[in-house]
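Novice: With chain A's structure known, arrange chains B and C on it following the hints.
Chains as they are written, first to last, in my numbering: chain A, 151 to 223; chain B, 92 to 310; chain C, 53 to 402.
One or more of the hints may lead you astray.
What the hints assert, rightly or not - With a Cα cut of at most 25 Å, we get these calculated DSS-like pairs of lysine-lysine:
no. : chain 1 : residue 1 : chain 2 : residue 2
1   : C       : Lys396    : C       : Lys319
2   : A       : Lys211    : C       : Lys140
3   : B       : Lys113    : B       : Lys160
4   : C       : Lys318    : B       : Lys160
5   : C       : Lys101    : C       : Lys140
6   : A       : Lys211    : C       : Lys318
7   : B       : Lys160    : C       : Lys319
8   : C       : Lys244    : C       : Lys319
9   : A       : Lys211    : C       : Lys396
10  : C       : Lys318    : C       : Lys244
Source of the hints: derived by calculation from the structure; they are not laboratory data.
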Amino acid sequence: MLKAVRKAFTTLSLFLFPFTFLMAQEDADFMRSMGKMYVVVAVIAAIFIGLVIFLVYLDRKLTRLENQIIHHE
Amino acid sequence: MNLFKEIIFLLRKEFKLEWRQKYALSGILLYVLSTVFIIYISFQRVSPQLWNVLFWIIMLFASINAVVKSFVQESGHRQLYYYQLANPIAILLSKMLYNASLLLLLSVLTFSALSFIAGNPVEEAGQFSLALLLGSLGFSITFTFVSAIAAKADNSSTLMAILSFPVVIPILLLLVNLSAHSIGLLQSTMIGRDIMLLASVDLILVALGLVLFPYLWRD
Amino acid sequence: MKKHWWKALGVVIVLYSFFMGLLTPLKTGILEANPASVRTGQEVMLEVKGYNSFYTQAQNELRAWLKMDSERALAARRVEVVDDRLVKLTFDIPAFLPVDKKVQDFTLILDSPADGASVLPSGVFVTQDSINAALGETAWPNADIANLHEKAAITFPFRNILGETIRNTYYHVPLWFAMFILFISAVVYSVKHLRNFDQRYDEQAAALTSVGILYGILGLVTGAIWAKHTWGAYWSFDVKQNMTAVGLLIYGAYFVLRASFEDPEKKARISAVYNIFAFATLIPLLYVIPKLTDSLHPGAGGNIAFGSQDLDNTMRMVFYPAIIGWTLMGVWMAQLIFRMNRLKHRLLEE
Chain A
151 MLKAVRKAFT TLSLFLFPFT FLMAQEDADF MRSMGKMYVV VAVIAAIFIG
201 LVIFLVYLDR KLTRLENQII HHE
Chain B
92 MNLFKEIIFL LRKEFKLEWR QKYALSGILL YVLSTVFIIY ISFQRVSPQL
142 WNVLFWIIML FASINAVVKS FVQESGHRQL YYYQLANPIA ILLSKMLYNA
192 SLLLLLSVLT FSALSFIAGN PVEEAGQFSL ALLLGSLGFS ITFTFVSAIA
242 AKADNSSTLM AILSFPVVIP ILLLLVNLSA HSIGLLQSTM IGRDIMLLAS
292 VDLILVALGL VLFPYLWRD
Chain C
53 MKKHWWKALG VVIVLYSFFM GLLTPLKTGI LEANPASVRT GQEVMLEVKG
103 YNSFYTQAQN ELRAWLKMDS ERALAARRVE VVDDRLVKLT FDIPAFLPVD
153 KKVQDFTLIL DSPADGASVL PSGVFVTQDS INAALGETAW PNADIANLHE
203 KAAITFPFRN ILGETIRNTY YHVPLWFAMF ILFISAVVYS VKHLRNFDQR
253 YDEQAAALTS VGILYGILGL VTGAIWAKHT WGAYWSFDVK QNMTAVGLLI
303 YGAYFVLRAS FEDPEKKARI SAVYNIFAFA TLIPLLYVIP KLTDSLHPGA
353 GGNIAFGSQD LDNTMRMVFY PAIIGWTLMG VWMAQLIFRM NRLKHRLLEE
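For reference, chain A alone in the conformation it holds in the complex (with noise of 0.2 Å):
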């Protein structure tokens, strides 16, 4: 239970981190030029962060299954 927690903490703060630094440039204005055309680019961004995140997190359970399949032999 204790991992579940630290894991999904984890994944949280992954997310978090280009949340904080989009809210640094906090800059309306720089959001809002081009017909708010940035805002676009930040979500295609965040879904392109989730799939990172998902591609890491099968990479470390792989990493795990092999080590044990090493360990087996």
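Specialist: Using the frame of chain A, we list chains B and C on its own:
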């Protein structure tokens, strides 16, 4: 008919047990009274809006404390005893009924304590008591079932809180809405639909609980 | 390759939604009219800023109206094009308004053969000093708004507050729909597990749920970014946001429950029971949504973005495929998790 008799029998057993170990019941009563007192000390003047929210929050925590013992705190020996003797459906129904009456009592008590200290803002008494009835039914159904689930795990009391809070939020939202309407904070023409929705959710959850409970019980 | 066609299909559809969603231009719109509030009985000169507009191509055929309702509209006396993005309109506003109010809002309509018609709802507010509805009724003309041009190109609608962010409809909203499809199919797998206690069904349910959670978090984050820059707040206590949050809490609890069992058979059975029961408690939230019409979210009430009239056919051509594409991608991701967990299982059993 046999099932009906079994339920009555189990219900009487629950009441008897409760009467014998008065500490559980009195503990919850004390909890309600002290919470209401703390509210009095810290707020002194309670607006109807706050009253509504506080009432349901006190109810939420008191209900969890009251229901948690129905499966989680039941001893292993007694579980085994039930398992050999009774029909699982009868067990679940009797526990739900017992908890519903307990929660109804609790809600009436919370209501009178809160209105004694912070005044009674309720304008439509009929609607409010309907909210109390449907609320204690809904709380009892969800918490009893979740308690049955949590009892199967090792650290069940913590698990009980984690599992039951998200599950009860939708019902709680409807209840707060309904009682806000009875207090006069909200003007809505669709309050009848809200009541129907609450009643049908209670029914769906009972039916689902009855279907799913045998899967929990077999071990 | 025969077994994998649906993965390729998912990727192709998502790519299509990205390309179509990003490359299709918006319709011509009006950003603002300056001054936004004028008085009666004057000759007013409005400076109108266009978006994606080509006013110079339409020089003499540009027409403009101030419209109050279907019976009352005032045509511009003079239209003067400054450049592609700026046009100056001259209106002779009568001395009285045809209403019993001091202030009335008017919709600005601009029609050009090059760009088609564009609209700025409540773009100009007219204030009158004294109220005389009967006089206003005779003074106010009903200019015929006819022969509006339609731009012959594939475009997305222009909405004032949204601007280009209307494209987020293809990136944010499908995640939410796909999340629901994944959660529902997880419940179906849980039911299947309870029918014959096959371990694999439960693992399918868990894998689908975890991808659903990923989509849910992504939906919340992208929605928050979008909301911040269109309505001004990350979280606006909107029903759909709350519902996604409750759903995430429930499925978070689902994984905590799974983690607290050692015995795989017991874990599968009990978490399947919780999954079905918890999903049923979400029902009231589904019903509450259409009731709260004052919700801030696009899609509810008379708000901007996609109500029935706003999701036009061009948008549907991208939006519905995007839902299918993201669902297929989600199923693929869930299959990866599922297969890995199967392998781990096999390893432990040996």
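Novice: Hint by hint, note whether the structure agrees.
Specialist: Hints versus structure:
no., hint, in the structure
1, Lys396/C / Lys319/C, "holds, 16 Å"
2, Lys211/A / Lys140/C, "violated, 64 Å"
3, Lys113/B / Lys160/B, "holds, 13 Å"
4, Lys318/C / Lys160/B, "holds, 22 Å"
5, Lys101/C / Lys140/C, "holds, 9 Å"
6, Lys211/A / Lys318/C, "holds, 23 Å"
7, Lys160/B / Lys319/C, "holds, 22 Å"
8, Lys244/C / Lys319/C, "holds, 15 Å"
9, Lys211/A / Lys396/C, "holds, 10 Å"
10, Lys318/C / Lys244/C, "holds, 16 Å"
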